[in-house]
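S.K.: Dock chain B against the given chain A, drawing on the hints supplied.
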Amino acid sequence: MSGLVVRDLQVAYGAVAAIRGVSFEVTPGELVTIIGANGAGKSSLLRALSGLIPVAGGSAMWNELSIFGYKPENLVRAGIVHVAEGKSVIPELTVEENLDLGGIWQKKSAGVDAIKAEVLQLFPRLGERLGQRADTLSGGERQMLAIGRALICKPKLLLLDEPSLGLAPLVIEEIFSAIARLRTSLGLTVLLVEQNALSALAIADRGIIFNLGEVVASGKASELLADPVLRASYLGY
Amino acid sequence: MLHIWGIEMKTILETLLIGVSSGSIYSLMALALVLVWRSTRVVNFAQAGQAIISTYIGYESMKHLHSYWYSVLVAIVAGAILGAAVEAFVMRPLAKRVRGSAAADIAPVIATLGILGLIRGVAGLIWGNTFVQYTSPLSGKGYTFGSTTIQFSPQNAAIVIGAALVMAAFAIIFNFTKLGLALRASSFQPEISRLAGIRVDRIRVIGWACAGAAGAVAGALVTPTAYLSPNSLDLLLVSGFVAAVIGGLDSLVGAGIGGVVLGIGFAFILQYIGASVTFLAAFIILIFVLLVKPAGIMGKSGGRSA
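Protein chains in written order, with my numbering: chain A, 1249 to 1485; chain B, 420 to 725.
Bound conformation, chain A alone (with noise of 0.2 Å):
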């Protein structure tokens, strides 16, 4: 089966389990989206899967490939690009360098400059900030740069941590139709980890409740944002 497809996986701190044996699917195309509460095992599960931290048990295949026990930087060469927390860029770097960072171990005849230009119109706010460094842009555009970058990386699979986090309501409106529009014109595969759950389950196929490391739930987005025991116990509103 192509897509992601993750089975029984176990993710562990020491003796202490973030992720106690998650299954799930992510077909090619989908926007998946996994919610859950500060410390319910989402971004240990990114991790996991960009190849940041060992698992302790289970497997994850891409297309068929199984991608545990490959180096991060091994996984982006294979379209597996993970956009981490709190808006992944490199503040002392500027944000042409932020962006470039994406490209420079791509052969020329990759296209980075197409795809540079692309994300320069997607967010046209960078295209006139390339010259400053990153930790003079706001928050909103800091979290721009960091997904312009995973997109200059050249992913199929996007893992997105949070990008939500810290934003004000009409930045994250942006930030997530943006990330709308790119899954449907590159035709990406993403999974978006967030605790924000109703912009995201907006946006999303699907939707996947994580608590305390475990799936307690999982449907189409449209069916978990109508579920009212869903929505008191976990989606909090």
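Derived from the structure by calculation, the hints contain no laboratory data. For clarity, every value in this text was computed on a predicted model and none was experimentally measured. The beta carbon of each residue, even a glycine, is placed where N, CA and C say it ideally should be. Among the hints, a few may not be true.
As the list claims (entries may be wrong) - Covered stretches of chain B (in silico footprint by chain A; criterion: 3 or more residues with CB under 8 Å from a CB of chain A, positions within the stretch not fixed):
no. : segment
1   : 593–602
2   : 607–617
To be verified - Okay, derived cross-link-like pairs now, DSSO-like style, lysine-lysine, Cα gap no bigger than 30 Å in a straight line:
no. : chain 1 : residue 1 : chain 2 : residue 2
3   : A       : Lys1356   : B       : Lys597
4   : A       : Lys1468   : A       : Lys1355
5   : A       : Lys1402   : A       : Lys1355
6   : A       : Lys1355   : B       : Lys597
7   : B       : Lys515    : B       : Lys597
8   : A       : Lys1404   : A       : Lys1355
9   : A       : Lys1404   : B       : Lys597
10  : A       : Lys1468   : A       : Lys1404
11  : A       : Lys1319   : B       : Lys429
12  : B       : Lys597    : A       : Lys1402
13  : A       : Lys1319   : B       : Lys560
M.R.: Okay, now just chain B, sitting in the frame of chain A:
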């Protein structure tokens, strides 16, 4: 002769020039320490040993090449390879072993002390614990203007020019090349760099190689002004470390400035107070900088500079 407030201007200028020359060597050593600190957060005490080996290799190659300048190139290549080897075969495997343990921060530093001791011992076995001369074709005698001769010699000039060239080369590599971008990114944020596709482990090896090359230039240029023995560069390591701390430990520009400032300071202390207090002064300066401006002259307090 021009005198101001009873101090001879010739002596002041001369002391300044000598200070810049010895300071250039400290700058190179500081650069080597800063490059490693930035790439792996380790203070590399083995750098003195690595520079000793590369200088001995330069010394040996001169017997066959019959050219000091070619032998300096050989020493630079040897220093780079040695630096890369220390990172790839000792430091990286060690970091993986101790990751997450209580010894994760201190074990690598102790390992560099171990490597320093090992290298010194091996150098002693191969070349003996005696002094040898590694000579440059440039004169060690000072320039003469009319009837006055100053302490600053053509070899001192070569040191200043050589250090300036190395600094300029690193400035260009770091600021204007893809490799430089990868080196900077990996040192600031290794995890984000990995997620952007940078092979951080390889970049670190290159960082250690650059450091080894800078240390090799220092060893090969300074040795003709003195002598070569298995521990002849140990004091240089101390000066380089003080210079790096003055410059903020994280800043390449700071390393350059820190070295020259320290060199000039030493030269004046040597001229006006005496040789016996110069190294005492080094440690006083070190403690003073750490107490008053721990981030160094190029560092923002609490932050890191580029």
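S.K.: It remains to establish, for every hint, whether it holds in the given structure.
M.R.: Quick rundown of the hints versus the structure:
no.: 1; hint: 593–602; verdict: holds (count 3)
no.: 2; hint: 607–617; verdict: holds (count 10)
no.: 3; hint: A:Lys1356 <-> B:Lys597; verdict: holds, 12 Å
no.: 4; hint: A:Lys1468 <-> A:Lys1355; verdict: violated, 40 Å
no.: 5; hint: A:Lys1402 <-> A:Lys1355; verdict: holds, 12 Å
no.: 6; hint: A:Lys1355 <-> B:Lys597; verdict: holds, 12 Å
no.: 7; hint: B:Lys515 <-> B:Lys597; verdict: holds, 27 Å
no.: 8; hint: A:Lys1404 <-> A:Lys1355; verdict: holds, 18 Å
no.: 9; hint: A:Lys1404 <-> B:Lys597; verdict: holds, 24 Å
no.: 10; hint: A:Lys1468 <-> A:Lys1404; verdict: holds, 22 Å
no.: 11; hint: A:Lys1319 <-> B:Lys429; verdict: violated, 61 Å
no.: 12; hint: B:Lys597 <-> A:Lys1402; verdict: holds, 18 Å
no.: 13; hint: A:Lys1319 <-> B:Lys560; verdict: violated, 56 Å
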